[in-house]
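K.L.:
Protein chains in written order, with this note's numbering: chain L, 997 to 1488; chain H, 32 to 521.
If you're looking for bench data, these hints aren't it; they were derived computationally from the structure. A couple of the hints might just be wrong.
Lysine to aspartate or glutamate pairs mimicking DMTMM-like chemistry, simulated, CA-CA at most 25 Å apart [to be verified]: (1) K125/H - D1371/L; (2) K125/H - E203/H; (3) K1236/L - D329/H.
Per the computed footprint, the stretches of chain L lying under chain H, defined by three or more beta-carbons under 8 Å from a beta-carbon of chain H, are [claimed, not checked]: (4) 1008-1014; (5) 1196-1204; (6) 1264-1274; (7) 1325-1337; (8) 1402-1413.
Every residue, glycine too, gets a C-beta built ideally from N, C-alpha and C.
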Amino acid sequence: MSALTDLSLADALTGLAAKDFSARELATAHVEAVAAASTLNAFVVETPERALADAEASDARRARGEALPLDGIPLAIKDLFCTKGIRTTAASRILGDFTPTYESTVTSQLWRDGAVMLGKLNLDEFAMGSSNETSAFGPVKNPWRRTGDTAVLVPGGSSGGSAAAVAARLCLGATGTDTGGSIRQPAAFTGIVGIKPTYGRCSRWGIVAFASSLDQAGPMTRTVTDAALMLRSMAGHDPKDSTSANRAVPDYTKALTGDVRGLKIGIPKEYRIEGVPAEIGRLWEQGIEWLKAAGAEIREISLPHTSQSLPTYYIVAPAEASSNLARYDGVRFGARQPGRTLPEMYEKTRGAGFGREVRRRILIGTYVLSAGYYDAYYLKAQKVRSLIARDFTEAYKEVDAILAPATPSAAFAAGEKSADPLAMYLNDVFTVTANLAGLPALAVPAGLNSQGLPLGLQVIGRAFDEETVLRIGHVIEKAAAFTARPDNWWRV
Amino acid sequence: MARESAAATVIEGATGPWEMVIGLEVHAQVVSVSKLFSGAPTVFGAEPNTQVSLIDAGFPGMLPVINEVCIAQAVRTGLGLQAQINLHSVFDRKNYFYADLPQGYQISQYLQPIVGMGSMIIDLADGTSRTVGITRLHLEQDAGKSLHDQHPSLSYIDLNRAGIALMEIVSEPDMRSAEEAGAYVKKLRTILRYLGTCDGNMEEGSMRADVNVSVRRPGEPYGTRCEIKNVNSVRYVMQAIEVEARRQIDILEAGGKIAQETRLFDPGRGETRSMRSKEEAHDYRYFPDPDLLPLILDPAFVEALKADLPELPDAKKARFVADYGLSPYDAGVLVADRASADFYEAVAKGRDARLAANWVTGDFFASLNSQGWTIETSPITADHLRELIDLITDGTLSGRLAKEVFEVMVETHQAPGQIVEERGLRQVTDTGAIEAAITAVMGANADKVAQYRSGKDKLFGFFVGQVMKQTEGKANPAAVNELLLTMLKG
């Protein structure tokens, strides 16, 4: 392994600025790492030529003294972001060899700021899943394994390729998207940092939609500082997305002061859920102690509608998905299965193109929006969603941020839960609330469990207060001094 | 709605009288440069699939952004229909699959439309007026067009129309005859054209109507209705209503029941046909579009649009009657079209208003018809007509001569003054010349003069004719009459 791939994004920027190495050298090291890690199946599309071309352009800019904020930083992109001229799959067969003629706003801002494109990352099909096992391109393997055990673990999902690639040092950072925990859960499963920003913070334009009112893009990195650097480029108002917020983007690294003295941190009592392993509870207690020691004030709070979050999420998200995925009909782009009639073409195309989990969610979503069921399910869920958001509004009268576990367990084994959708859905229990309420939430690695697997803590903040979330996450990161890393078992 | 007499709208069936109940949903294409949620142009008649953005084509990751112009147009239309403007409205997704519906849903407004209750006055042929309630107006996207006749086994899709803004304007079931429904569509079209919010060109599909028809015994509750989809002319709306009401009456009189269903009107065969039953109706799974925030209008935005509204036909008609002394009928004819009304006012300015109305609604409109001109393309301008009226008023032209001059104007497109000069069509009002002509006529017809003087008054007409002949028709008829009377008396 080249040392260049071990650098944090921030340190790589420093090294590039100091001419310790070139962007081309940095890109080459990562391209090689990607090529050597095919066992992980983290990438759907690799773009080594593009990476080297980007890197050379970056070196030229830097030589002219025109370096950009992320100049020369090799990143990989969750394959839910449309990328101009590069096949975009959403990990679904239905998109066929769809190659967009346009670039998503978030990725175009990363390239605008000088980042280098390594390729497109595997994910759960249409971002529907918590283990990256629903991908049409096969599951992603978690770089982490239990101590003394070679069993393959899932990297979490849906941003499983992103998490695996960052954890395995295949890129310095990756984009993810988070609809119900799809950034934070895989980040926790792989010992990295992931932030789901406030809904509206990053433009959704050009990102294949799963559930429009919940989807939000965010960075996945190995440090909180790296997340702050990447988020600054990804965020910002986009007139092409009506739900994007017209607010200035701060320099998030300035928020990383290390000082949380006087901050009030809420501990939601409803997050103490029966059946969650004791080690999760212990980690949470540890987090509380770290923040207390750093001068924060800990308060127990109540988020009374927490138990309704998962059912609400699993109505709202499939409902929107059932409509968002209607456009994949074989008429204008993607894969088409011929039929003698239009309905037959639809049935064959969608039957062959969508995997089981996607089909399941389309069916659920169609059901809850149907005449006679709408009031009982979708409308009720929207009402509960408002109550969940109000829980947070009330809580934020007392506290500045909330500390919670990121996931109810460490990474589980491949195949362990894929036959039981409900068990799989329970993975989102700590994460969906932030999506339903539209709030920023960060997962930060905080320790290892008894089997040597990473566990994450979650910080949830006020709307558009990513700065406080990052500041607290940064303090936890320091206190946890998380230096564990997976060994290179996958490397060929 | 108030109704002086139901008698006129009752249909006699074999078993007694029936009454039609009609409500209309009119889809009016919004006049705007670009589509409701994308920047693609809306020009009619372009090559297939040349006016399509990635948003219109439903590509992955594409998002709608509301076109403010379309919002303003809907609000203006609502104001023109005396309707409530809802400052909070919501765009919903209407989900269904069809090859020319790229997103798999149509963005529309379901429970919270931008415009609520309003009303419209319709004018009927017998000179009476009625008020028809407007239930609501909402904005929605149009779908694309499927072309089934381009290939033996495939359908082609043209998405130029996909995403263009439509206003769906829903009436209350307030109409009781095909005539009323026809008058409603025409009046609505007039108002939309005045506002400039829809061009009203039904033949291009800019306006289409879904017609809801039921029948009942007078005074009884509403019967079961059928909806006739996509009727694209005023004439067909009226025909469809007549045949559909007759169909329903025949069923009911034979002891049958009306099935609630969607039907299509076939003008060729003069019948409506079932398209789908209530059971086959789509479940559209409406829900608020999560890609769009609720539409909140600033009251000041609405006020500004209100202040900027043009004078609408009803107000204009009332003003024409009051200020110009026109008959309600003439005023109605003139205001039916904003260009006609503007043309008339240009002609009437500072002139005899009723004379101007006679010329505009009479010879001028006739010339448009016979020549295939419109007001915009007519070579005869308002200035020409003003000049003509001036020539009549100052006595240069008699009414008869003026008509002659107008005919030349239609042919040569010349100004009336020029025609009068070139062709010497000037009316003779010089009493000396007329006296000379009369003297000559009297001299040549001494016997008739004697007969007249002995009491044969009827001969007066003969003398008028002779004098006019003598003056080649240019003599001022009034002057001829006056002088003849005096001179014949002797």
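K.L.:
Against each hint, give a clear statement of whether it holds in the structure.
P.N.:
Comparing the hints with the structure gives:
Taking the CA atoms of K125/H and D1371/L, the gap is near 16 Å; set against the 25 Å cutoff, the hint holds. A C-alpha spacing of about 23 Å is found between K125/H and E203/H, which places the hinted pair at or below 25 Å, so the restraint holds. As the CA atoms of K1236/L and D329/H are separated by approximately 22 Å, the hinted pair is consistent with the 25 Å bound. Counting residues of the segment 1008-1014 of chain L whose C-beta lies closer than 8 Å to any C-beta of chain H gives 0; at least three are required, and the coverage claim is violated.
Residues of the segment 1196-1204 of chain L with a Cβ under 8 Å from some Cβ of chain H number 5, which satisfies the need for three, so the listed coverage holds. Judged by the Cβ-Cβ criterion of 8 Å, the segment 1264-1274 of chain L is not covered by chain H as claimed, because only 0 of its residues qualify and three are needed. For the segment 1325-1337 of chain L, the stated coverage by chain H holds: 4 residues have a C-beta nearer than 8 Å to a C-beta of that chain, and at least 3 were required. Only residues whose beta carbon comes within less than 8 Å of a beta carbon in chain H count, and the segment 1402-1413 of chain L has 0; fewer than three means the coverage is violated.
The structure shown violates the earlier hints numbered 4, 6 and 8.
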